[in-house]
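Trainee: From just these sequences and the hints, can you work out the full model?
If you read the sequences in order, they're chains A and B. Just so we're aligned: 33 in this note's numbering is position 33 of the first sequence, and the numbers increase by one with no gaps anywhere. Count along the second sequence from 1, then add 198; that gives the number in this note's numbering.
The hints are simulated quantities; they were obtained by calculation from the structure and are not laboratory data. In this text the structure is predicted, and so the values were computed from the model without any measurement. Be a bit skeptical, because a hint or two may be false.
As the list claims (entries may be wrong) - For lysine-lysine, the following DSS-like pairs were computed, each having C-alpha atoms within a straight-line distance of at most 25 Å:
#: 1; chain 1: B; residue 1: Lys227; chain 2: A; residue 2: Lys119
#: 2; chain 1: A; residue 1: Lys116; chain 2: A; residue 2: Lys55
#: 3; chain 1: A; residue 1: Lys116; chain 2: B; residue 2: Lys255
#: 4; chain 1: A; residue 1: Lys116; chain 2: B; residue 2: Lys225
#: 5; chain 1: A; residue 1: Lys116; chain 2: A; residue 2: Lys29
#: 6; chain 1: A; residue 1: Lys151; chain 2: B; residue 2: Lys379
2 protein chains.
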Amino acid sequence: MSISERQLEERKMRQERILAGALTVFKDKGLEGATMDEIANSSGFGKATLYYYFKSKEEVLSAILEDGWQNIWESLEPVIAEQESPRKTFVNVLIKIAENAQARPGLFEFLFNVPKAIKLDKQPWKDYQHRLYAVIQGLLEDGVKKGEFPKVDPQLMFKALGGLFMGLVFMGDRKEPVTNKDVENLLNELITDPKINN
Amino acid sequence: MSISERQLEERKMRQERILAGALTVFKDKGLEGATMDEIANSSGFGKATLYYYFKSKEEVLSAILEDGWQNIWESLEPVIAEQESPRKTFVNVLIKIAENAQARPGLFEFLFNVPKAIKLDKQPWKDYQHRLYAVIQGLLEDGVKKGEFPKVDPQLMFKALGGLFMGLVFMGDRKEPVTNKDVENLLNELITDPKINN
DNA sequence: TTAAATTTCGACCTGGGATTCGAATAAATT
DNA sequence: AATTTATTCGAATCCCAGGTCGAAATTTAA
Numbered sequence: 001m002s003i004s005e006r007q008l009e010e011r012k013m014r015q016e017r018i019l020a021g022a023l024t025v026f027k028d029k030g031l032e033g034a035t036m037d038e039i040a041n042s043s044g045f046g047k048a049t050l051y052y053y054f055k056s057k058e059e060v061l062s063a064i065l066e067d068g069w070q071n072i073w074e075s076l077e078p079v080i081a082e083q084e085s086p087r088k089t090f091v092n093v094l095i096k097i098a099e100n101a102q103a104r105p106g107l108f109e110f111l112f113n114v115p116k117a118i119k120l121d122k123q124p125w126k127d128y129q130h131r132l133y134a135v136i137q138g139l140l141e142d143g144v145k146k147g148e149f150p151k152v153d154p155q156l157m158f159k160a161l162g163g164l165f166m167g168l169v170f171m172g173d174r175k176e177p178v179t180n181k182d183v184e185n186l187l188n189e190l191i192t193d194p195k196i197n198n
Numbered sequence: 199m200s201i202s203e204r205q206l207e208e209r210k211m212r213q214e215r216i217l218a219g220a221l222t223v224f225k226d227k228g229l230e231g232a233t234m235d236e237i238a239n240s241s242g243f244g245k246a247t248l249y250y251y252f253k254s255k256e257e258v259l260s261a262i263l264e265d266g267w268q269n270i271w272e273s274l275e276p277v278i279a280e281q282e283s284p285r286k287t288f289v290n291v292l293i294k295i296a297e298n299a300q301a302r303p304g305l306f307e308f309l310f311n312v313p314k315a316i317k318l319d320k321q322p323w324k325d326y327q328h329r330l331y332a333v334i335q336g337l338l339e340d341g342v343k344k345g346e347f348p349k350v351d352p353q354l355m356f357k358a359l360g361g362l363f364m365g366l367v368f369m370g371d372r373k374e375p376v377t378n379k380d381v382e383n384l385l386n387e388l389i390t391d392p393k394i395n396n
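Mentor: Here you go:
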């Protein structure tokens, strides 16, 4: 007989513990500043044990990223599924992301920014990233078509709003996270809805 | 007699050559992925020579950043100096930055993003950065006061527009850089000017 | 032309951190 | 209880990339 269900679960929990510890160290010391010893300490295992669960330091990093993106995506799917107007859905997506960001502070900044700084061999999470971007892109296009957004090249709009949102969630030193209301207000005040603003 | 003027200039040129090579490698391989050997090759010197001109790898990085920020700042000063309306000045500042970004592709993304990823001992360029942010912050505050921007918490606005601009210039895979007209249009269409819009 | 100063660089050196080893402990299976 | 399997970890290895050395080449100064 092979490993039991419970064993598998426990294994996964240990892996998650390691990833949590690793994230802390990565955020604190930077990707290369972080040593496996520190990660070991911070997650409560011996260094060699890390290698029982992960093949390498890089694989630890990869696991954090893939895990994180998968979570984002899964939390987003229902929001995307419900059939609202593009603009409404767009706002909801942003709000949902903001929620995620609040729930696990620091993780999302990490997810969005880190990959740029480093070359990994395999980057399966990029798939989620692309999927997310494609959805947003699509919402913007539809929204512009339906006159819910100003008539701007959606490609440009995407870059602008993408940046805007990133700034909203990640920039500056504000301690308190951006609230859902913030996102909603800002978007409604800033990017006027042509329909409403006749 | 000590070193001649010409010698000093040549020295500086060599330093710049090294910095240019280093930037290439940094962008390509990441901060830690980049080795001094590669930088040496890419700039056409022997490794040891790098250490004749710079004390350490970190100092090379620092030099790139300080140099870059100083250039941005100096190109910005005249724009800031001329007394236009806050909104106008704001747009001009963005456009000027976009110009810079086009002139030396990749450098500016580097300047804005890299520092987050790493801890340096001395970061004199942060002074320029803060100054720039302070100016923008001020423009937004004045602009909101004068009714040239929607009435939104300037702090929030700052984050949003800061992000927006970053997104505009850096996000996505678009090959062609954002043009000045892009910036102007987008801003005018997106962030409605309350004065005009009624 | 000679001496001094500047610049260049290949060949080490070295420290630190990733990875591996092998043995010990704990848990599951018979 | 004995045996097999899963888990843990300290210590040892190994490798790489930053940094140094000292000698050579080149340029400037006399």
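Trainee: Decide if the proposed pair is consistent with the structure: A/Lys151 and B/Lys379, CA atoms, cutoff 25 Å inclusive.
Mentor: holds (15 Å)
Trainee: Under the criterion that the straight-line Cα-Cα distance not exceed 25 Å, is the pair A/Lys116, B/Lys225 satisfied?
Mentor: Given that 25 Å is the threshold and the Cα spacing comes to 10 Å, the pair holds.
Trainee: For a C-alpha distance cap of 25 Å, please report whether B/Lys227 and A/Lys119 respect it.
Mentor: holds (7 Å)
Trainee: Check the hint pairing A/Lys116 with A/Lys29 against an upper bound of 25 Å on the C-alpha distance.
Mentor: Holds. A/Lys116 to A/Lys29 sits at ~17 Å (cutoff 25 Å).
Trainee: Does A/Lys116 pair with A/Lys55 here, judged by a C-alpha cut-off of 25 Å?
Mentor: holds (23 Å)
Trainee: Do the alpha carbons of A/Lys116 and B/Lys255 lie within 25 Å of each other, as the hint requires?
Mentor: Holds, at roughly 21 Å.
Consistency with the previously given hints is maintained throughout, with no hint failing.
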